[in-house]
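Visitor: This is what each chain is made of:
There are 2 protein chains.
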Amino acid sequence: MSMIRSWVDSANDPEGDFPLNNLALGVFDPGDGPRCGVAIGDRIVDAAALEANGLLDLGPRLCDRPCWNALMAAGPKAWDAFRARMTALLREGAPEQARVAPHLHPMGSATLHLPFTVAEFTDFYAGRHHATNVGTMFRGAENALPANWLHIPIGYNGRASSVVVSGTPVRRPWGQVKAPDDSAPRFAPSARFDFELELGAIVGQPSTGPVSVAQAQDMIFGYVLLNDWSARDIQAWEYQPLGPFQSKATATTISPWIVMRAALDPFRAAPPDREVPLLPHLSDAGRDFHDITLAVTLTPEHGTPETIARTNTRELYYSPAQQLAHHTTSGCPMRVGDLIGSGTISGPTPDSRGSMLELSWGGQTPIDLNGAPRAFLENGDTVTLSGAAIGEGYRIGFGPCGGTILPARQNPYAP
Amino acid sequence: MSMIRSWVDSANDPEGDFPLNNLALGVFDPGDGPRCGVAIGDRIVDAAALEANGLLDLGPRLCDRPCWNALMAAGPKAWDAFRARMTALLREGAPEQARVAPHLHPMGSATLHLPFTVAEFTDFYAGRHHATNVGTMFRGAENALPANWLHIPIGYNGRASSVVVSGTPVRRPWGQVKAPDDSAPRFAPSARFDFELELGAIVGQPSTGPVSVAQAQDMIFGYVLLNDWSARDIQAWEYQPLGPFQSKATATTISPWIVMRAALDPFRAAPPDREVPLLPHLSDAGRDFHDITLAVTLTPEHGTPETIARTNTRELYYSPAQQLAHHTTSGCPMRVGDLIGSGTISGPTPDSRGSMLELSWGGQTPIDLNGAPRAFLENGDTVTLSGAAIGEGYRIGFGPCGGTILPARQNPYAP
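Which chain is which? The protein sequence lines are A and B, in order. Just so we're aligned: the first sequence equals residues 1 to 415 in the numbering used here. Just so we're aligned: the second sequence equals residues 1 to 415 in the numbering used here.
Because the hints were derived from the structure by calculation, they are not lab data. Since we're looking at a predicted model, the values are computed, not measured. Hints may be right or wrong, so weigh each one.
Selected chain A positions facing chain B (in silico; Cβ < 8 angstroms) [stated by the list, open to error]: (1) 7; (2) 156; (3) 210.
Each residue gets a CB set at the ideal place from its N, CA and C atoms; glycine is no exception.
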């Protein structure tokens, strides 16, 4: 696979996130209301306008709305038809160039919204290094991985209402906390607020009963970068016995661009070695992993950006398809627009860890940030996730997935 | 408060769930599509028809759709106006009787649908006897209550897509299970399938930041009975460290009728004694509990119904308003149509326990059912929850909340 050249010059930049091979999907507002747009180089094509002009015809209009859920619901044939038609319209020498060009908008000045309506949000824990690191901190190295971890993708339901698009500020939460040596809990702003570097998979087709890993793979519409903001002190006090709840409910930031599954097909990767075999309902069905490089950049309020972690989605132990298949084992119905976070993706080395909890080892070994020690997130920090699959002479990226920490509210319950 | 008499004779039955004081809300289909209806005695009033005829005018039409979410979103003044107008139309001597009467339908033959669109579903663990019973079985009597339990209402996010209306059959799930002395997990139909007797609160107004207990109380639109079907063997294997997931995702059954908060106002009750004081953000704000009697009836496939548990919502330690307030502490946005389960409501005595897990003490002491020992649910069993607030000469009920267990599927992953 090589770059498909476009008549949009900026799409042919080998360092850009949005070549014609990508066709990432967002929702933008050119001034008269949000609608579906497609990233191409440093431009956004107004997909709703293409439909209105008859340049794009998927049957019923699917793009004249502020979410991509209608295209998802239309199914895999429509997904393929959409990509084929957009590729034809935007490729070098396309006879429709003059008719499409008026519908390009500069990406740099566009207001971007959530690219889809999140039906429900589930967050997994499918990164082995992350689970091992966290387990070692909490339970010691010998009991690091929970007994079930190598047998099922562990996950919990999150809160769809808390999902926000990149650029949305995130306010430091209050919560009930209790350190191990405190005599009683107290209500305070989180002092251990953190990010989590994840890949999000979007369910594009519904299910009503158990599905196989291969079927699950076909249900996935595309992917986003995902930051599962986490209040570690609130989490430590609340999570037994029913799991994380308010510690994960302040916000979850996703990238403004959905990378469709087809765009990542050239970057499929083999599963990791299995220490114990998976039961048949979770067995590897093929190259369901991806080779996507990931990075986390942290920018203090008055400082300079520093990349604090680099890793790769190949570090996941369970693929998004395995996570989704597990999600259906009980008969749980899945819906168009369900968002499935992978869990934090950490690599094996100290500089490949996808959370401050791991990078600073629970605060015990702060990292150096702009010359100062840093354990958790401070007010004014901006955390930006980035990710791209690297091809020969092109890359498939997601655009930045960022958020800035606002100070906690005044105590909402002060007398 | 006494019964408000209606010209619908059956509504004046002191043993009926649906006197005029109740005005419970459902969605029914009289043959030409589902729409909003109001329970009155053994009839359903077609609220959409009343709007169409100008007998009910809440501004925009709110009832011509298959859910009550539009009335919820219209806010507390609309809720009060709705109740006042419906009471005027249906009370004894109402001049509109002849115009309303044609829009009554027999409840017994009506097809009932989910009464509202569930935005997101959260399940709490706010019953002290239940938490103590489960904790004793799993961790021993001395460590029964988790350290946080007396300080915050413990809860987890559930799966809205799994919520079904009373009468929907529930298929026994498959899942990965591993008994403590098994050498490896296996994939099997759940052998310890269970019910949980709960009260569900419906969020009728949204929030974007932390709310007080008093504000939370005002956001609650109404209540339903709720059965949180639970696969105990799947739960035991999966729940560490992130909480229950597939064990709770097969189905959650709710009653077809929403009892509005105002209907339960005469039955408000004081909080329980607090062993340790609650922090200010969770402090009791008033009589936010309710005196609602509850019962569970179990009917084997070829047997006779037996009431196997009786209890009361007064056994909750945290009110729905306290659960909701806690839910917002992190800034988690709440939405119109969010459903909040109370957690299992068990009383202090063996015959007041709200789950088979507790009634049979983890299967160790089966109960007698139709003369045979019974530990967990069998195929063909029908579990029916019922509940009512008992007034002087009338009761406010929810109608039955039931479901029948279907056998597990054939192994969906058999080679």
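Visitor: Each hint should be assessed against the structure and marked as holding or not.
Guide: Status of the hints after comparison with the structure:
Of the supplied interface hints, the one on residue 7 of chain A is violated, with its beta-carbon coming no nearer than about 42 angstroms to a beta-carbon of chain B, more than 8 angstroms. Hint status for residue 156 of chain A relative to chain B: holds, with the closest Cβ pair at about 4 angstroms, below 8 angstroms. Interface restraint check: residue 210 of chain A against chain B, minimum CB-CB distance 4 angstroms, threshold 8 angstroms, status holds.
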